[in-house]
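*Asks:* Residue numbers (this note's numbering), protein chains in the order written: chain P, 2 to 149; chain S, 703 to 830.
Quick caveat, the hints were computed from the structure, so don't treat them as lab data.
Any given hint could be a false lead.
To be verified - Simulated crosslink set (SDA-like; lysine to any residue; CA at most 25 Å straight-line):
{"#": "1", "chain 1": "S", "residue 1": "K827", "chain 2": "P", "residue 2": "G71"}
{"#": "2", "chain 1": "P", "residue 1": "K147", "chain 2": "P", "residue 2": "L58"}
{"#": "3", "chain 1": "S", "residue 1": "K827", "chain 2": "P", "residue 2": "W74"}
{"#": "4", "chain 1": "P", "residue 1": "K147", "chain 2": "S", "residue 2": "F711"}
{"#": "5", "chain 1": "P", "residue 1": "K147", "chain 2": "S", "residue 2": "L757"}
{"#": "6", "chain 1": "P", "residue 1": "K147", "chain 2": "S", "residue 2": "W773"}
{"#": "7", "chain 1": "P", "residue 1": "K147", "chain 2": "S", "residue 2": "L821"}
{"#": "8", "chain 1": "S", "residue 1": "K827", "chain 2": "P", "residue 2": "A125"}
{"#": "9", "chain 1": "P", "residue 1": "K147", "chain 2": "S", "residue 2": "K827"}
{"#": "10", "chain 1": "S", "residue 1": "K827", "chain 2": "S", "residue 2": "A747"}
{"#": "11", "chain 1": "S", "residue 1": "K827", "chain 2": "P", "residue 2": "D95"}
{"#": "12", "chain 1": "P", "residue 1": "K147", "chain 2": "S", "residue 2": "D768"}
{"#": "13", "chain 1": "P", "residue 1": "K147", "chain 2": "P", "residue 2": "I89"}
{"#": "14", "chain 1": "P", "residue 1": "K147", "chain 2": "S", "residue 2": "W708"}
{"#": "15", "chain 1": "P", "residue 1": "K147", "chain 2": "S", "residue 2": "M703"}
{"#": "16", "chain 1": "P", "residue 1": "K147", "chain 2": "S", "residue 2": "P744"}
{"#": "17", "chain 1": "P", "residue 1": "K147", "chain 2": "S", "residue 2": "L709"}
{"#": "18", "chain 1": "S", "residue 1": "K827", "chain 2": "P", "residue 2": "S80"}
{"#": "19", "chain 1": "S", "residue 1": "K827", "chain 2": "S", "residue 2": "L712"}
{"#": "20", "chain 1": "S", "residue 1": "K827", "chain 2": "P", "residue 2": "A146"}
{"#": "21", "chain 1": "P", "residue 1": "K147", "chain 2": "S", "residue 2": "W762"}
To be verified - Quick list of the computed label-pair ranges, beta carbon to beta carbon:
{"#": "22", "chain 1": "P", "residue 1": "V66", "chain 2": "S", "residue 2": "L815", "range": "31 to 37 Å"}
{"#": "23", "chain 1": "P", "residue 1": "G70", "chain 2": "S", "residue 2": "Q793", "range": "15 to 21 Å"}
{"#": "24", "chain 1": "S", "residue 1": "G789", "chain 2": "P", "residue 2": "P63", "range": "28 to 34 Å"}
{"#": "25", "chain 1": "P", "residue 1": "G82", "chain 2": "S", "residue 2": "R799", "range": "47 to 53 Å"}
{"#": "26", "chain 1": "S", "residue 1": "S704", "chain 2": "P", "residue 2": "R114", "range": "47 to 53 Å"}
{"#": "27", "chain 1": "P", "residue 1": "A131", "chain 2": "S", "residue 2": "A811", "range": "27 to 33 Å"}
{"#": "28", "chain 1": "P", "residue 1": "L99", "chain 2": "S", "residue 2": "E771", "range": "44 to 50 Å"}
{"#": "29", "chain 1": "S", "residue 1": "R799", "chain 2": "P", "residue 2": "L100", "range": "45 to 51 Å"}
{"#": "30", "chain 1": "S", "residue 1": "E766", "chain 2": "P", "residue 2": "V103", "range": "37 to 43 Å"}
{"#": "31", "chain 1": "P", "residue 1": "L100", "chain 2": "S", "residue 2": "S704", "range": "28 to 34 Å"}
{"#": "32", "chain 1": "P", "residue 1": "W74", "chain 2": "S", "residue 2": "W762", "range": "28 to 34 Å"}
We put the CB at the ideal spot given by N, CA and C, even for glycine.
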Amino acid sequence: MFAIVRPDGWDLPLLVHVAGAMLLVGALVVVVAVTAAAMRRGDDAAVLTRLAFRGLLIGVLPGYVVMRGGAEWIASEESVGDPAWVGIGYSTADGGLLLILVATGLAWRASRRSAGGAGGSARAVMALSALLIVAYGVAIWAMTAKPS
Amino acid sequence: MSLYEWLLFLHVLAAFLLVAGLTACGVLVLGGDAARRALSAPALALWNVGGLGVLALGIWLALEVDSYELWDGWIIAAIVLWLVASGAGGQLQRAIREGTFDRAGVQLAVMSLATLALLIDMVFKPGA
């Protein structure tokens, strides 16, 4: 019942953490939707793969930084210990960063090669982004249910 | 998991869907025709499912938790903000269906500000 009993000093860092996480997940959903559409619509593939790259660059990456910064801010305010839910949060965040960077690199590559339609890079961007959404879904469960 | 934990998880998950829909609406309004064709359906679906989920699960949570009441100021404020966001969202949906984006920027701004205010209200729970 963290939401009910957490100290007031955590409110602002929690707001930053959650807002960053929402921007991160929202931008990932947009990336999945536009890369899926790029594979279906040959005519729009070039525009949509560029949009996916921009989504990762100016939506997902800043969202990650804000989410991770908020998490560190909460941890610095008061010791949260080392329960399982904190471990799940850190591992999905840190492992997720690697996938985000790989997806961003692949999206950059796809955006430069998409004249002939979305290719394997765009497909990989979509798969990695979908995987990240699932991982962050698990993180949301861990942050709310707080398994010990 | 207790009922409270399930409700909180699903309520927060619905809030993430709502913001994903809002993000998609933002790209749709600010992007070009290709973005509109690609994002119209997912943006509206996410906004509607997330919005209904947030409201229904939020009310259920308020009824479930002893220390919350539906007439608490921060919960009433949340419902008012939800109505404001939904009103603007409904107008934007109509604009998307009709392909008229004259006032879409204003509608998107109202949706964004109301959703941000909702998030602040949910985290700080003023008066709780």
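*Asks:* Each hint should be assessed against the structure and marked as holding or not.
*Replies:* Hints versus structure:
1. The suggested pairing of K827 (chain S) with G71 (chain P) holds, with an alpha-carbon distance near 19 Å, which does not exceed 25 Å.
2. In summary, the hint linking K147 (chain P) to L58 (chain P) is not supported, as the alpha carbons are separated by about 31 Å, beyond the 25 Å threshold.
3. Taken as a hint, the K827 (chain S) and W74 (chain P) pair is honoured in the structure, with Cα atoms around 20 Å apart against an allowance of 25 Å.
4. Taking the CA atoms of K147 (chain P) and F711 (chain S), the gap is about 10 Å. The hint holds against a cut of 25 Å.
5. Distance restraint check for K147 (chain P) and L757 (chain S): the Cα-Cα separation of roughly 23 Å lies within the 25 Å cut-off, and the hinted pair is therefore satisfied.
6. With a CA separation close to 28 Å, the supplied pair K147 (chain P) and W773 (chain S) exceeds the 25 Å bound.
7. Using a Cα cut-off of 25 Å, the hinted pair K147 (chain P) and L821 (chain S) holds, with the two alpha carbons roughly 20 Å apart.
8. For a cut-off of 25 Å, the pair hint linking K827 (chain S) to A125 (chain P) is broken: about 41 Å separates their Cα positions.
9. For the given pair, K147 (chain P) sits about 20 Å from K827 (chain S) by alpha-carbon distance, which is consistent with the 25 Å threshold.
10. For the hint linking K827 (chain S) to A747 (chain S), the alpha-carbon distance of about 28 Å lies beyond 25 Å, and the restraint is violated.
11. For the given pair, K827 (chain S) sits about 30 Å from D95 (chain P) by alpha-carbon distance, which is inconsistent with the 25 Å threshold.
12. Between the alpha carbons of K147 (chain P) and D768 (chain S) the distance comes to roughly 20 Å, so the proposed pair stays at or under 25 Å and holds.
13. Restraint check for K147 (chain P) and I89 (chain P): the C-alpha separation of about 10 Å stays at or below 25 Å, so the hint holds.
14. Of the supplied pair hints, the one linking K147 (chain P) and W708 (chain S) holds, its CA atoms being roughly 11 Å apart against a limit of 25 Å.
15. A C-alpha spacing of about 9 Å is found between K147 (chain P) and M703 (chain S), which places the hinted pair at or below 25 Å, so the restraint holds.
16. A threshold of 25 Å between alpha carbons decides the hint, and for K147 (chain P) with P744 (chain S) the separation of about 30 Å lies outside it, so the pair is violated.
17. Note on K147 (chain P) and L709 (chain S): the hinted pairing holds, with a Cα-Cα distance of about 13 Å set against a maximum of 25 Å.
18. About 23 Å separates the Cα atoms of K827 (chain S) and S80 (chain P), which keeps this hinted pair within 25 Å; it holds.
19. A distance of roughly 19 Å separates the Cα atoms of K827 (chain S) and L712 (chain S); the hinted pair therefore holds under the 25 Å criterion.
20. Among the hinted pairs, K827 (chain S) with A146 (chain P) is consistent with the structure: their alpha-carbon atoms are about 20 Å apart, no more than 25 Å.
21. Taking the CA atoms of K147 (chain P) and W762 (chain S), the gap is about 20 Å. The hint holds against a cut of 25 Å.
22. For the pair V66 (chain P) and L815 (chain S), the supplied restraint of 31 to 37 Å is violated, since their beta-carbon distance comes to about 23 Å.
23. A beta carbon spacing of about 35 Å between G70 (chain P) and Q793 (chain S) contradicts the range 15 to 21 Å that was offered as a hint.
24. Checked against the given bound of 28 to 34 Å, the beta carbons of G789 (chain S) and P63 (chain P), roughly 29 Å apart, stay inside it.
25. Checked against the hint of 47 to 53 Å, the C-beta distance between G82 (chain P) and R799 (chain S) comes to roughly 50 Å, which is consistent with it.
26. With their beta carbons about 50 Å apart, S704 (chain S) and R114 (chain P) fall inside the hinted range of 47 to 53 Å.
27. The given range of 27 to 33 Å is respected by A131 (chain P) and A811 (chain S), whose C-beta atoms sit roughly 30 Å from each other.
28. Our hint of 44 to 50 Å for L99 (chain P) and E771 (chain S) holds, since their Cβ atoms are close to 45 Å apart.
29. At roughly 35 Å, the beta-carbon separation of R799 (chain S) and L100 (chain P) lies outside the given 45 to 51 Å, and the hint is violated.
30. Take E766 (chain S) and V103 (chain P): their Cβ atoms lie about 41 Å apart, and the range 37 to 43 Å holds.
31. One distance hint, 28 to 34 Å for the beta-carbon pair L100 (chain P) and S704 (chain S), holds here, with the actual separation near 32 Å.
32. The hinted window of 28 to 34 Å between W74 (chain P) and W762 (chain S) holds, with their beta carbons roughly 31 Å apart.
In summary, the numbered hints that this structure violates are 2, 6, 8, 10, 11, 16, 22, 23, 29.
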